[in-house]
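For reference, the chains in residue letters:
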Amino acid sequence: MKLTDITREEWTTYVGLLTVEQKDELVGQQYAPDCYFNPIETAIENQWVISVEEMANCTNEEFMWVKDLPLIIYEPKPSPPPFN
Amino acid sequence: MIIGKAISPFGIKRRNGTANDADAQAFITASGISGTEATAINTLVVNLKSANIWTKMKALYPMVGGTATSCKFNLKNPVDSNAAYRLVFSGGGTFSANGYQPNGTNAYANTFLTPSTNLTLSNFHLSFYSRTLTVGTAIDIGGNGNLASYTHLRTAVNFVSGAGATTVVPFTTTTDARGFWLGTKRAANDRAVFRNNLKQNSSATSDSNTLDTLPLFLGAQNNAGTPVLYSSKQCAFASIGDGLTDAEALAFYNAVQTFNTTLARQV
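In the order they appear, the protein sequences are chains P and H. If you count the first sequence from 1, you need to add 36 to reach this note's numbering. If you count the second sequence from 1, you need to add 143 to reach this note's numbering.
Just so you know, the hints here were simulated from the structure itself, not pulled from any lab data. Here a beta-carbon is modelled for each residue, glycine too, at the ideal position from N, C-alpha and C. Among the hints, erroneous ones may be present.
Have a look at the derived ranges for each label pair, beta carbon to beta carbon [stated by the list, open to error]: (1) P:Gln65 - H:Ser259: 28 to 38 angstroms; (2) P:Asp104 - H:Ala347: 50 to 60 angstroms; (3) P:Met37 - H:Thr369: 23 to 33 angstroms.
In silico contact screen, one side only, chain H against chain P (beta carbon under 10 angstroms); selected entries [stated by the list, open to error]: (4) Asn195; (5) Trp197; (6) Asn225; (7) Ala226; (8) Leu230; (9) Gly234; (10) Tyr251; (11) Thr280; (12) Ile282; (13) Val300; (14) Asn366; (15) Val371.
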């Protein structure tokens with residue numbers, strides 16, 4: 037499944053799947069002015085993703101390939117408790 | 144006969160002939176906003192100064208202009224640097240005339256303001272204006288320094304100012320996170336939480352826990368350097384600063400609500 041296959045309402049359900057090399061390439065880079073990529077690890081160890089917003093809103097010519105990333109349903113890594 | 148108007152050396156003249164406040168004008172210039180947004184910023188600054196709370200602010204994020212570049216600036220010091228507490232946005236947030244909305248998945252902003260070095264232990268506040276109803280398990284402004292120190296504000300849930308359970312001041316239970324939420328600590332034994340113009344709760348339990356040793360994140364918790372507990376609440380204003388009295392908290396709400404009402408985004 038690709039970015040063009042989902043509706044705006046489905047953006048929070050899916051994320052773009054990255055290889056480890058792609059993740060390393062995106063860290064510290066801007067996808068749009070004053071907006072940085074933030075690859076995150078899913079519930080599966082060493083599986084890295086970015087949000088659909090980063091894919092759709094990317095205007096950095098160097099990283100337009102993120103728009104073609106395969107989409108998967110997001111399974112978040114458990115967060116630590118928020119301390120009350 | 145042509146009648147000219149005087150040009151103020153202190154700021155850009157507005158249509159009514161008065162110059163903007165110099166601090167407001169610095170932000171307007173840096174963020175590139177104009178029209179109603181610029182007018183609203185000027186009024187906000189004037190009102191905060193009139194209420195004698197401008198000097199108590201270290202970071203004010205009005206979230207105007209509809210872009211990351213306009214939303215990143217700290218109204219108190221609109222310089223594009225970490226030292227000025229300018230926001231750096233990461234992940235998939237959305238920017239609009241209504242403010243900044245993190246996606247609840249991986250979006251947050253680094254304030255570069257570290258409580259242990261930039262705030263006073265028993266004299267600080269955090270605020271967040273939420274336009275989103277859903278409460279969720281998220282932190283809207285906060286940090287967690289290796290479990291040894293917590294500083295955070297969870298809209299509709301609580302305000303935490305240290306590491307122990309005694310530092311937690313819960314808001315009145317609600318399922319609606321919309322509004323202007325403020326947690327303030329005025330002394331080791333004087334903390335209070337407000338929603339809009341109402342004090343929701345307070346605590347007189349003595350708390351001398353250390354403050355968080357990491358920069359506060361907006362839209363998530365800084366968990367020993369890693370963002371966690373991502374929020375999806377649309378932020379129409381946020382602030383970090385000194386502790387506010389009850390009267391100052393009310394004046395602050397009035398100024399912020401007037402600001403957001405001018406921008407037709409109040410809740």
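How the hints compare with the structure:
no., hint, verdict
1, P:Gln65 - H:Ser259: 28 to 38 angstroms, "30 angstroms, holds"
2, P:Asp104 - H:Ala347: 50 to 60 angstroms, "58 angstroms, holds"
3, P:Met37 - H:Thr369: 23 to 33 angstroms, "29 angstroms, holds"
4, Asn195, "33 angstroms, violated"
5, Trp197, "26 angstroms, violated"
6, Asn225, "13 angstroms, violated"
7, Ala226, "17 angstroms, violated"
8, Leu230, "8 angstroms, holds"
9, Gly234, "4 angstroms, holds"
10, Tyr251, "8 angstroms, holds"
11, Thr280, "6 angstroms, holds"
12, Ile282, "6 angstroms, holds"
13, Val300, "8 angstroms, holds"
14, Asn366, "6 angstroms, holds"
15, Val371, "5 angstroms, holds"
The structure is inconsistent with the numbered hints 4, 5, 6 and 7, although it conforms to all the rest.
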